[in-house]
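The opening residue of the sequence shown carries number 16 in this note's numbering; numbering runs sequentially from there.
If a hint is listed, it holds; no wrong ones were tucked in.
Below, in silico cross-link-like pairs of lysine to any residue (SDA-like), each with a Cα-Cα straight-line distance of 20 angstroms or less: (1) Lys268 with Arg241; (2) Lys340 with Asn323; (3) Lys248 with Pro90; (4) Lys371 with Arg302; (5) Lys371 with Pro300; (6) Lys340 with Gly354; (7) Lys341 with Pro223; (8) Lys340 with Arg302; (9) Lys248 with Arg267; (10) Lys340 with Gln355; (11) Lys268 with Pro256; (12) Lys340 with Gly321; (13) Lys248 with Lys268; (14) Lys146 with Arg339; (15) Lys268 with Ala247; (16) Lys146 with Arg197; (17) Lys146 with Asp214; (18) Lys371 with Gly112; (19) Lys146 with Arg348; (20) Lys340 with Leu350; (21) Lys268 with Arg93; (22) Lys146 with Glu202; (23) Lys341 with Thr324; (24) Lys340 with Thr324; (25) Lys146 with Leu221; (26) Lys248 with Ala372; (27) Lys341 with Asn323; (28) Lys146 with Lys341; (29) Lys248 with Ile113; (30) Lys248 with Arg288; (31) Lys146 with Pro343; (32) Lys341 with Leu136; (33) Lys248 with Glu110; (34) Lys268 with Gln94; (35) Lys340 with Thr322; (36) Lys341 with Lys371; (37) Lys371 with Leu136.
Derived Cβ-Cβ restraints for the label pairs, each shown as a range: (38) Gly354 with Ile320: 12 to 22 angstroms; (39) Arg303 with Ala185: 23 to 33 angstroms; (40) Glu316 with Lys248: 23 to 33 angstroms.
Simulated from the structure, these hints should not be mistaken for laboratory data.
A virtual CB, placed ideally from N, CA and C, is assigned to each residue, including glycine.
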Amino acid sequence: MPAAISAIESPSARPSPSSPARSTLPSASATPSASASVSPSASTIAASYEDLSGIETTPELAHRYPIAVMIDDSPAARQQAGLSFASIVWQAPAEGGIPRYMAIFQSGTAPSIGPVRSARLYFVRWAAEWKAVYLHAGGPPLLRSFLAGRQKLVHDVNGRTARRVSFRAAPHNLYTDGNRIRRFAEEAKNATSERLGYDSTKPGRLQPFADAASEADRGPDGGTIRVAYTSAKVSYTYDRPSNTWLRSVDGRKHHDALATRNRGHGKIGSGPRIAPTTVVVMVVPIRRSTAIEGAALGRLEADSIGTNTAWVFANGRVTKGTWRKKDPSDRTRFLDAAGQEIVFPRGQIFIQVVPKASAAKSTVEAAR
Numbered sequence: 016m017p018a019a020i021s022a023i024e025s026p027s028a029r030p031s032p033s034s035p036a037r038s039t040l041p042s043a044s045a046t047p048s049a050s051a052s053v054s055p056s057a058s059t060i061a062a063s064y065e066d067l068s069g070i071e072t073t074p075e076l077a078h079r080y081p082i083a084v085m086i087d088d089s090p091a092a093r094q095q096a097g098l099s100f101a102s103i104v105w106q107a108p109a110e111g112g113i114p115r116y117m118a119i120f121q122s123g124t125a126p127s128i129g130p131v132r133s134a135r136l137y138f139v140r141w142a143a144e145w146k147a148v149y150l151h152a153g154g155p156p157l158l159r160s161f162l163a164g165r166q167k168l169v170h171d172v173n174g175r176t177a178r179r180v181s182f183r184a185a186p187h188n189l190y191t192d193g194n195r196i197r198r199f200a201e202e203a204k205n206a207t208s209e210r211l212g213y214d215s216t217k218p219g220r221l222q223p224f225a226d227a228a229s230e231a232d233r234g235p236d237g238g239t240i241r242v243a244y245t246s247a248k249v250s251y252t253y254d255r256p257s258n259t260w261l262r263s264v265d266g267r268k269h270h271d272a273l274a275t276r277n278r279g280h281g282k283i284g285s286g287p288r289i290a291p292t293t294v295v296v297m298v299v300p301i302r303r304s305t306a307i308e309g310a311a312l313g314r315l316e317a318d319s320i321g322t323n324t325a326w327v328f329a330n331g332r333v334t335k336g337t338w339r340k341k342d343p344s345d346r347t348r349f350l351d352a353a354g355q356e357i358v359f360p361r362g363q364i365f366i367q368v369v370p371k372a373s374a375a376k377s378t379v380e381a382a383r
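Can you make the complete structure from the sequences, with help from the hints?
Here it is as structure tokens:
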């Protein structure tokens, strides 16, 4: 299950592009960029800014509880629908080296979302950081047994929530949409005797955000991010005018598959380019699990609690630091070299999870 990441960092004021410095990820050092600073006070997050991404929205949408949806990333499932509407998107390896997405929606309402796929425990744990309603299509039997005691937040989609489309073969053809999942989550929430527990007012609950850097203050080049999983090579190229990272998969531009045909579900490449404002690459110990269904099936487990290396790409620059999560209820925090939480520019966040075992063999190239 090899995976690798390399990053070409932004040049300094005196670039030397012909002679990049190279170092392995574990021993690489980088000076924190200007994007890293102390977290702002809670008063800087106004009611009209969304909790998860910091984007400006209406007060009604800014604090509604998040919904996480598992999305397929098999080659037959590309390109996916709905990712551009998510506030945060996680991508991590699953068995067979095929990564999987978890898209978390808060203010965005996607006209099409899918293909919806099965649950994995480590994604459930990441969704739990936000008390998100977690929607999936099946999962390993023992995992479903584990999730049965968490019915407030974890739900297997059904015929009222999703439907099969005709332009793709099963199991890569199960789709839903933003209105359906919101109605389903409301019904599920109302059917329980306890609240979901999402409360954005708790101290430290939110990722700190700030307005994007002016174009003059952005990285002059931004460089390219490369993350290689066994069955997918992901890359991002910085676009300075929009202050976003244009995403590609296996050398092809990654678009949201949104269209009006086939009951609103998307055809390949018919929607906007996937272009998050912030990209995070976090190194996580990932191993074969015997607790879920045995090593013979290649199920994986990820150590979502702890700390390890992370890179945050924002405003055309990169900050090398660490991620930290103290306990299951804690939010994963991204810290700079001084231990201060990194402030993200407002906008969509993509989090790329890279296995520790293969990240150690990767390199960082930075023009000095």
